[in-house]
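Sequences and hints are given; from them, build the entire structure.
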Amino acid sequence: MGDNLVVRLSTCPTATIHAPPDVVWLLLTDPSEYAHWGLHVVSVDPPGLAHAGQRIEFRERALGRSFPVTFAIREVREAPHRAIRLDVRLPFGIVNRELITCATLSPDACFVVFN
362 MGDNLVVRLS TCPTATIHAP PDVVWLLLTD PSEYAHWGLH VVSVDPPGLA
412 HAGQRIEFRE RALGRSFPVT FAIREVREAP HRAIRLDVRL PFGIVNRELI
462 TCATLSPDAC FVVFN
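Count along the sequence shown starting at 1, add 361, and that's the number in my numbering.
Please keep in mind that the hints were generated in silico from the structure rather than gathered at the bench. Check the hints yourself; a few may be wrong.
Said to hold, decoys possible - What follows is a list of derived Cβ distance ranges for each label pair:
1) Gly399 / Asp448: 18 to 24 Å
2) Asn476 / Glu418: 30 to 36 Å
3) Ser393 / Glu459: 18 to 24 Å
4) Arg416 / His379: 28 to 34 Å
5) Glu418 / Pro468: 32 to 38 Å
6) Gly425 / Ala380: 35 to 41 Å
Even glycine gets a Cβ: it sits at the ideal position worked out from N, Cα and C.
So this is what it looks like as structure tokens:
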């Protein structure tokens, strides 16, 4: 057995949300709502709902330190195929390319996928 071990982890959290899709979409695209998720928003440039070219800066605490996190919005698609593409820039040069989708199931439910 060699000394080199590579571990890859892939997750794709999904949820059926029993709330109107327009309400869920607003919670996903309105940076002023992010504080309710426990995120400390430092700046939104330019301000407003999520749109391509926007940068959202956060400060997150872990291990007794404060770290910068940035959402760089690459694309936002509205209904009927709602989606947000973004780069999440984490400490130590880590960048996650993310896609969040929100599909309407009914007037009172939607299916959200984060990967």
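Checked hints:
1. Between Gly399 and Asp448 the beta carbons are some 21 Å apart, a value that agrees with the proposed interval 18 to 24 Å.
2. Separated by about 23 Å at the C-beta atoms, Asn476 and Glu418 break the suggested range of 30 to 36 Å.
3. For Ser393 and Glu459, the hinted distance range of 18 to 24 Å is satisfied, since their beta carbons lie about 20 Å from each other.
4. Range check, Arg416 to His379: about 32 Å between beta-carbon atoms, so the 28 to 34 Å window is met.
5. Distance hint check for Glu418 and Pro468: the Cβ-Cβ separation is about 35 Å, which falls inside the suggested range of 32 to 38 Å.
6. The hint said 35 to 41 Å for the Cβ distance between Gly425 and Ala380, and at roughly 36 Å that hint holds.
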